[in-house]
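Quick mapping for you: the protein sequence lines, in order, are chains A and B. Everything in the first sequence is counted per the working numbering, starting at 1 for the first residue and increasing by one. Everything in the second sequence is counted per the working numbering, starting at 1001 for the first residue and increasing by one.
Just so you know, the hints here were simulated from the structure itself, not pulled from any lab data. Check before you lean on any hint, since a few could be wrong.
[Claimed, not checked] Under the rule of at most 27 Å between Cα atoms (straight-line distance), these lysine-lysine pairs were calculated in the BS3-like manner: (1) A:Lys88 with B:Lys1152; (2) B:Lys1087 with A:Lys139; (3) A:Lys88 with A:Lys4.
[Stated by the list, open to error] Footprint (simulated), chain B over chain A, 3 or more residues, beta carbon under 8 Å: (4) 60–74; (5) 99–105.
[Unchecked claim] Far from chain B, by Cβ distances over 10 Å, these chain A residues were calculated: (6) Arg81; (7) Gln116; (8) Ala117; (9) Ser120; (10) Glu127; (11) Asp129.
Because the structure is a prediction, the values reported are computed rather than measured. Cβ atoms here follow ideal geometry from the backbone N, Cα and C, with glycine treated the same way.
Chain by chain, the residues:
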Amino acid sequence: MTRKLSPLERTLINRLQDDLPLVPHPFQELAQELGLSEEEVAGHIRTLRDDGLLTRFGPFFDAEALGGAFCLCAMAVPPERFEDVLTKVNAYPEVAHNYERDHKLNMWFVLATESQAAISATAAAIERDTGLPVLLFPKEREFFIGFRVNA
Amino acid sequence: MTLTPQDRTIVEATQAGLPLVTRPFAVVAESLGLSEAELIDRLKQLKAQGVIRRIGAAPNHYRLGMTANGMTVWDVDDAVVDSLGEKVGALPFVTHCYRRPRALPDWPYNLFAMVHGETREEVIAKRAEISSLLGKACRAGDILFSTRILKKTGMRLRGKEG
Chain A
1 MTRKLSPLER TLINRLQDDL PLVPHPFQEL AQELGLSEEE VAGHIRTLRD DGLLTRFGPF
61 FDAEALGGAF CLCAMAVPPE RFEDVLTKVN AYPEVAHNYE RDHKLNMWFV LATESQAAIS
121 ATAAAIERDT GLPVLLFPKE REFFIGFRVN A
Chain B
1001 MTLTPQDRTI VEATQAGLPL VTRPFAVVAE SLGLSEAELI DRLKQLKAQG VIRRIGAAPN
1061 HYRLGMTANG MTVWDVDDAV VDSLGEKVGA LPFVTHCYRR PRALPDWPYN LFAMVHGETR
1121 EEVIAKRAEI SSLLGKACRA GDILFSTRIL KKTGMRLRGK EG
């Protein structure tokens, strides 16, 4: 369950969405800023992670730079066919995430494949399987900063 | 881009996270038979190549009480979509912001900004802030709330090169 965050925890959640330095003591700067020891900073972050408020601590990789292709896709699924289409779509291992959304385009999923060609091939296969068009929304540009909790 | 076998080993050893100790790189380096300095040097190289974006942590929105999530979408003049996209992406409550192709005639929107909040009302209020930031360059917009997570599998690099 959610719990109330202390001001220190809010600061840590926000600061950990910035970039920590690649140095032997990555928490040193943060510890000095907060007037804590490095052990205390690491301990607070560990608690936040163990409580499930942070998902993980470590390097964030660019999935495309690691090799592979990704594409957001959407389908307008007739409500009476939704569960049947969902079973067919989710059966593809290339479907990484899938969300139902309140729109005529009511099924939004991400295809993750080894190559760009496999994106089109998988989308075409889903169209054949379901008899429904798959709209492709590849990322053309990313504008990224991050998310902040109210400090 | 292809990773060297050593880089691949480093990615595999760190993608689940680093230990939360004062010298996390020293711990991982030891498990890989590298020195702390060697590992840090390789990580710096991977960052310079864009393989690593940053070192940090990601918040769990649901556990933080941000259970409403709305995909706001906008039809923005192509001439200014990139400069406005930067501004939208910089808003503190926008977690992801992308320019994507339109799918006419059904889908006129080319800018996608994901907004999280504790309630739908909060997300709708934040959407209004984006709308005023975009101003007249924006011809239309919509918001798609997620009503159900249908599938969610984490991205993981496979153990062996495919």
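Results for each hint:
no., hint, in the structure
1, A:Lys88 with B:Lys1152, "holds, 15 Å"
2, B:Lys1087 with A:Lys139, "holds, 18 Å"
3, A:Lys88 with A:Lys4, "violated, 41 Å"
4, 60–74, "holds (count 9)"
5, 99–105, "holds (count 7)"
6, Arg81, "holds, 14 Å"
7, Gln116, "holds, 14 Å"
8, Ala117, "holds, 14 Å"
9, Ser120, "holds, 14 Å"
10, Glu127, "holds, 14 Å"
11, Asp129, "holds, 16 Å"
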